[in-house]
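Required output: the full structure, derived from the provided sequences and hints.
Chains as they are written, first to last, in our numbering: chain A, 1 to 118; chain B, 1001 to 1395.
It should be emphasised that the hints constitute simulated quantities derived from the structure, not laboratory data. Quick caveat, the model's predicted, so the values are computed rather than measured. Incorrect hints may appear among the rest.
Computed Cβ-Cβ distance ranges for the label pairs, DEER-style [stated by the list, open to error]:
id, chain 1, residue 1, chain 2, residue 2, range
1, A, 49, B, 1140, 27 to 37 Å
2, B, 1260, A, 75, 36 to 46 Å
3, B, 1150, A, 69, 44 to 54 Å
4, A, 97, B, 1379, 49 to 59 Å
Where is the CB? At the ideal position from N, CA and C, for every residue including glycine.
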Amino acid sequence: MKYIALLYGEPDAGPAPGTPEFMQMLGEFQAATTAMSDAGILVDSSPLQPPQTATTVRVRDGETQLSDGPFAEIKEQLGGYYILDCEDLDMALRYAAMIPSAKYGSVEVRPVMVMGPH
Amino acid sequence: MAQLVGDLSLAEDCVQEACAAAVEQWPRDGLPANPGGWVVTVARRRALDHLRRESARPGKEREAVQEQAAAEPDGSAVAGDDQLALLFACCHPALDPASRVTLTLRVVCGLPTASIARLLLLPEPTVAQRIVRAKRKIRDAGIRLRVPDPGERPARLASVLRAVYLTFTEGHSPHGTSAVVRDDLCEEGLRLAARLHRLMPDEPEVTGLLALILLTSARSAARADQDGALVLLADQDRSRWDRDRLDEGRSLVETALAQRRPGPYQLQAAIAACHADTATASDTDWRQIAALYSELLRFDPSPVIEANRAVAVAYAEGPAAGLAILDTLAASSRLTRWPQLHIARATMLARCGRREDAVAAYRDALALEPADAVRQHITSQITALAAAPAPTQET
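Written out as structure tokens, the structure reads:
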């Protein structure tokens, strides 16, 4: 069963870049990713560019409207994701807890919907 | 069963079909050697039939489930392990805390929605909605029906213990039936507690819960008279208490408390042990019981516990002291839907010589449609109050 782990955090949460703590956090990300990869459950993962780079698209009455950034002022921002193929929720939760974002922000684990044949 | 087929709703349906088959076949063909195993075997066959019918649909989960179900040797399934797996799944921390107990009572214990609503002091639609949502989450989020690894168990324990305890409570004071005690639910609660204790023998709260259930159920036989009417603790024939259960319960409380990690179930068991140790009702050490309730409030500051403390205080210090606590509690809107609050008030009011207020409190309890046995008890109390000579006030 596939799960997506969505990594959330406040912009200034966690160690600042350039500090030894930041390097340690990167090491923890690497360790988590390696553990998932070794277990054969890592489908995909990536950090995201910051929300300032985002563009929101809406189509209303057939007209495409574009706007800068995410539209609500949400404190916790999406910063990256992992897609994991796990036996069950408990397994996905165990690996999600290894992601440093769980320590500095939060990780939302959601099952990916399986679309049946039409 | 649900663990075998990996689908809660399908498993429920199949077990129901198997039970229906049992009702039809057992009287005709005689009781099988292992009735529990028989039901599981028949239910599994039904489940396999369902899955085969659906096997045209692709999906490796279904195939895996079929293989798993087929691999189980016929009739050898240990139904108890399935039940523990189901219990832990229903109490998974990924579920909304309020839904866990509700779901357990419905799925593991098979209580009807209406009974659960009464037991949890909630409206029936709320209960029904919680059950639907929780089942959907188990299915869609991929919560596996299994007994968790030891490291994962503590996070689930509180709601597992509560669900087992409430199952027993519903059996001990059932709703919607004329019986004073529903032995099937009591024994179900006892079985679950004993299984948990075997799984986690060093967890004092698990030991405490098993002790509490043993000590309380030991009194079951004395709770109803020959006509099936409720007999209160004070009036019970203590020679009818089950000595073996009392002894086992008492020894478990001592073992648990000796670990010096007290908790609400150990304290309640200690209270039950106080009653068990007393030869007659008048010898009861109500001061000790009131003190244990105060301690219990530190873990569980609930109005129900406070009401129980009020009863102990009323016996230890006089009805007026208990009444003062209950009157404060009656201001809590949620507890006013609990018939026992009004019954306890009525008893204390009667002891204070306030006969009319006592009758009014009994009527408040009746308005909440309590269990049949409780209703009969209240009616007889009202009659007795009306017939009694001029009231004498107890101080």
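Here is what the structure says about each hint:
| no. | hint | result |
| --- | --- | --- |
| 1 | A:49 with B:1140: 27 to 37 Å | holds, 31 Å |
| 2 | B:1260 with A:75: 36 to 46 Å | holds, 43 Å |
| 3 | B:1150 with A:69: 44 to 54 Å | holds, 47 Å |
| 4 | A:97 with B:1379: 49 to 59 Å | holds, 57 Å |
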